[in-house]
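Peer 1: Line order of the protein sequences matches chains A and B.
The first sequence lines up with residues 515 to 917 when you count with the working numbering.
The second sequence lines up with residues 515 to 917 when you count with the working numbering.
No lab work stands behind these hints: they were computed from the structure.
Treat the hints with care, since some could be wrong.
Not everything, but these chain B residues come out facing chain A in the computed CB check (under 10 Å) [stated by the list, open to error]:
1) V522
2) R523
3) L533
4) E555
5) Y575
6) S589
7) Q619
8) Y678
9) Q785
10) L786
11) G789
12) A798
13) A825
No residue lacks a Cβ here, since even glycine has one placed at the ideal position from N, Cα and C.
Number of protein chains: 2
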Amino acid sequence: MTGLPDEVRRRLQSQTTQLWSPPGVIDLGIGQPQNEILPLELFSAALAKAARERQSYPLQYGIERGDGYLRAALSEFLTEQQALTGTPASQVDPDLILVTNGNSQAIDLCCAAFTRPGDVVLVEEPTYFLALKIFRDHGLTVVGVPVDGDGLRMDALEEALARYRPAFLYTIPAGHNPTGVTLPEDRRRRLVELAAEHGVLVLADEVYHLLRYPGPDGGAAPPGPAPLAAQLDSGVVLSLNTFSKILAPGLRLGWVQAAEPLLARLEGRGQLVSGGGLNPFSAAIVATLLADGSAAQYLAGLRATFAERIAVMDEALRAHLPAQVSYRRPDAGYFFWLRFPDGVDTAEALPRARALGSGFQPGRAFSTTGGLPEYLRLSFAYYAAPDLRAAVETLGKVFGRLI
Amino acid sequence: MTGLPDEVRRRLQSQTTQLWSPPGVIDLGIGQPQNEILPLELFSAALAKAARERQSYPLQYGIERGDGYLRAALSEFLTEQQALTGTPASQVDPDLILVTNGNSQAIDLCCAAFTRPGDVVLVEEPTYFLALKIFRDHGLTVVGVPVDGDGLRMDALEEALARYRPAFLYTIPAGHNPTGVTLPEDRRRRLVELAAEHGVLVLADEVYHLLRYPGPDGGAAPPGPAPLAAQLDSGVVLSLNTFSKILAPGLRLGWVQAAEPLLARLEGRGQLVSGGGLNPFSAAIVATLLADGSAAQYLAGLRATFAERIAVMDEALRAHLPAQVSYRRPDAGYFFWLRFPDGVDTAEALPRARALGSGFQPGRAFSTTGGLPEYLRLSFAYYAAPDLRAAVETLGKVFGRLI
Numbered sequence: 515m516t517g518l519p520d521e522v523r524r525r526l527q528s529q530t531t532q533l534w535s536p537p538g539v540i541d542l543g544i545g546q547p548q549n550e551i552l553p554l555e556l557f558s559a560a561l562a563k564a565a566r567e568r569q570s571y572p573l574q575y576g577i578e579r580g581d582g583y584l585r586a587a588l589s590e591f592l593t594e595q596q597a598l599t600g601t602p603a604s605q606v607d608p609d610l611i612l613v614t615n616g617n618s619q620a621i622d623l624c625c626a627a628f629t630r631p632g633d634v635v636l637v638e639e640p641t642y643f644l645a646l647k648i649f650r651d652h653g654l655t656v657v658g659v660p661v662d663g664d665g666l667r668m669d670a671l672e673e674a675l676a677r678y679r680p681a682f683l684y685t686i687p688a689g690h691n692p693t694g695v696t697l698p699e700d701r702r703r704r705l706v707e708l709a710a711e712h713g714v715l716v717l718a719d720e721v722y723h724l725l726r727y728p729g730p731d732g733g734a735a736p737p738g739p740a741p742l743a744a745q746l747d748s749g750v751v752l753s754l755n756t757f758s759k760i761l762a763p764g765l766r767l768g769w770v771q772a773a774e775p776l777l778a779r780l781e782g783r784g785q786l787v788s789g790g791g792l793n794p795f796s797a798a799i800v801a802t803l804l805a806d807g808s809a810a811q812y813l814a815g816l817r818a819t820f821a822e823r824i825a826v827m828d829e830a831l832r833a834h835l836p837a838q839v840s841y842r843r844p845d846a847g848y849f850f851w852l853r854f855p856d857g858v859d860t861a862e863a864l865p866r867a868r869a870l871g872s873g874f875q876p877g878r879a880f881s882t883t884g885g886l887p888e889y890l891r892l893s894f895a896y897y898a899a900p901d902l903r904a905a906v907e908t909l910g911k912v913f914g915r916l917i
Numbered sequence: 515m516t517g518l519p520d521e522v523r524r525r526l527q528s529q530t531t532q533l534w535s536p537p538g539v540i541d542l543g544i545g546q547p548q549n550e551i552l553p554l555e556l557f558s559a560a561l562a563k564a565a566r567e568r569q570s571y572p573l574q575y576g577i578e579r580g581d582g583y584l585r586a587a588l589s590e591f592l593t594e595q596q597a598l599t600g601t602p603a604s605q606v607d608p609d610l611i612l613v614t615n616g617n618s619q620a621i622d623l624c625c626a627a628f629t630r631p632g633d634v635v636l637v638e639e640p641t642y643f644l645a646l647k648i649f650r651d652h653g654l655t656v657v658g659v660p661v662d663g664d665g666l667r668m669d670a671l672e673e674a675l676a677r678y679r680p681a682f683l684y685t686i687p688a689g690h691n692p693t694g695v696t697l698p699e700d701r702r703r704r705l706v707e708l709a710a711e712h713g714v715l716v717l718a719d720e721v722y723h724l725l726r727y728p729g730p731d732g733g734a735a736p737p738g739p740a741p742l743a744a745q746l747d748s749g750v751v752l753s754l755n756t757f758s759k760i761l762a763p764g765l766r767l768g769w770v771q772a773a774e775p776l777l778a779r780l781e782g783r784g785q786l787v788s789g790g791g792l793n794p795f796s797a798a799i800v801a802t803l804l805a806d807g808s809a810a811q812y813l814a815g816l817r818a819t820f821a822e823r824i825a826v827m828d829e830a831l832r833a834h835l836p837a838q839v840s841y842r843r844p845d846a847g848y849f850f851w852l853r854f855p856d857g858v859d860t861a862e863a864l865p866r867a868r869a870l871g872s873g874f875q876p877g878r879a880f881s882t883t884g885g886l887p888e889y890l891r892l893s894f895a896y897y898a899a900p901d902l903r904a905a906v907e908t909l910g911k912v913f914g915r916l917i
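Construct the entire structure; sequences and hints are all you get.
Peer 2: Written out as structure tokens, the structure reads:
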């Protein structure tokens, strides 16, 4: 019996999750859910149930489109969640759902299926910085389209569609990363109309759609717009979603909703046919949690937790940040997006913030052109209220001196 | 509360695993492990243990190279399994392991990272038919290199390397799919030497390496050659492996062993960075099963089960197939590869075999050129002994008339 030296084993066992910051830093740049709120006991109970019932199919090669139990349960879950949007409920079509192994993999899969190296893709300026990395992996040229306080500007989109003839537009329509903005209903309709006119696909990254929060006065969250997944009839929308933000990232489980010809293209890829779908084991477990209502219950609790943290962060920002810093309290998602006066470069303040035990994501990270130096992104997902307060207070000290 | 109509729900709930054959057919063409032998209770126990210990990290975004607990446990497991090969044990390097979401996804990832559309890739003629589909997805031109009774022919490989300057050679060196052949040690050395000389990567699909069986006289399996993973120093080998064949396919969990510069290329892909590794949840569960010895124990039982089935299938083939049919009893893997006399096209017999309740994979499916009509592939992995006997007897009736 051979064995690894103890120091190698200890080193390896410290390598479990992504490391963004040194220990001791409360890094508000981390856009992940807090470890302590991940519901491991739910997963354990669901798997124990499957084992008791001797349901071995979760361990077998799955079907390419994804576990039918999950697609059935997800269709009902999504239909019920439509109450969020204030639109009349219409049954979400389970046949137009393809189960994925998470959103990052789904974005990569869509690039592989629908683009060629050298193609242009449009994104919001700013946008999710790690999506940009995936696009570059595929040899795509990324062009940013400007946003305003309501999200993507339709005049700029129309111009970019005509000028670049892109392979697709990548957009985050609700709780935008990093700006926190939710695109209003009228722009959603116009966006899909423009894309359809130009024959351009819309990769809608709707991972924050189900995370809607009440305003400062509390109560229920005001109804938001319907997801772009409600516009599959257009034939150009691929709505990407994931359980990472509403249940657990480690599952690597998500879904795509799209019109049949688009799903058929994805489903026919060799890696799905050869591998037997993208993640049957996680899918079967989550199917149980959706069907017995525990996923919906967990999500309701998560919204309440995050709504509280938004209130805490909002209050701390008002108390500690200089009055020249502006932001909008988010109504959805994971993020606050702060604007500092012109001339401030938030990236320059990052080393000092870290030295004092706080952290953030500088605006430049989200820009397609290295711009937006006067912005930064904070997330309330990874830390509880006392840490959020302490870290914002530290940022107040760092930026109080700069302005 | 909305709900799906009962008939829609029932239809969806029949969509769980890949469907290759109509019900009632014992399809020896299926190359999957039997549902009944998948160890769901082991997974349930491992997850319950994690829940008791409040280890929430399996649900978090993982580290890009993969869970350190899994890489530590896998390094020790693979080192112990070297007894199979009769080579002196040397510690498998846990730092040169990258955790994947299964072999099909890993092949796809390697195509994405190491090829461009239009590149040539070399494969064995015949080879695993679904890998061909992945290569075609990436716009690669596939060129087959002939095999003989000992596997890939080195003279033909040398010629093809010089002539085509391929991006990589895809090879299945142990328990080859479909031929069942294991490449001998001397050819393995020569193969890597040639690839290194020509600066060509070797994608070694070593998924059957740990499934070695005794010969007809029983006892322990004779020592086989070391895996190509033992030749990482060459700098050209990417050894791909998976838990699909030795534990459970639905996990979508595998690993790549390669020299550091190759792993770094894979690790830096956007989908790994954005998604936080490829499958942290499955990885954490399997880490427990490797560390507590239950995976090794399960694998030993699986080898015994498959060795028995090989004996049954061998005996049934001798009893029922015409004497002109030749094959070699496999020493590894999942498959028997049968050769019929020239002039027979096994594909033509498939409808009759199905009508009588049996099935197989015709040789043509594995050919890069639509050749090999006189061959067929049988697997013993999906059925227990009585079904194997019955299905081979049926094939005897089908082919007895044709020869």
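Peer 1: Confirm or reject each hint.
Peer 2: Tested hints:
For B/V522, the interface hint holds, the least distance from its beta-carbon to any beta-carbon of chain A being 7 Å, beneath 10 Å. The beta carbon of B/R523 comes within 5 Å of a beta carbon in chain A, closer than 10 Å, and the hint placing it at the interface holds. Annotation: B/L533 was flagged as interfacial toward chain A, and the flag holds, the nearest CB pair being 7 Å apart, inside 10 Å. Evaluation of the B/E555 hint against chain A yields a held restraint, the C-beta minimum of about 5 Å falling below 10 Å.
Taken as an interface hint, B/Y575 checks out: its beta carbon lies about 5 Å from the nearest beta carbon of chain A, inside 10 Å. Hint on B/S589 holds. Least Cβ distance to chain A is approximately 6 Å, under the 10 Å limit. Given hint, B/Q619 at the interface with chain A, holds; its Cβ is 5 Å from that chain's nearest Cβ, closer than 10 Å. For B/Y678, the interface hint is violated, since its Cβ never comes within 10 Å of a Cβ in chain A; the closest pair sits about 21 Å apart.
Interface hint status for B/Q785: upheld, as the beta-carbon distance to the closest one in chain A is roughly 4 Å, under 10 Å. Contact between B/L786 and chain A, as hinted, is supported at the beta carbon level, the nearest pair being about 8 Å apart and thus within 10 Å. With its C-beta approaching chain A no nearer than about 3 Å, B/G789 sits inside the 10 Å limit, and its interface hint holds. Hint status for B/A798 relative to chain A: holds, with the closest Cβ pair at about 7 Å, below 10 Å.
A hinted interface residue such as B/A825 counts as satisfied when its beta carbon comes closer than 10 Å to some beta carbon of chain A; here the least separation is about 25 Å, so the hint is violated.
The structure fails to meet hints 8 and 13 from the earlier list, while all remaining hints are met.
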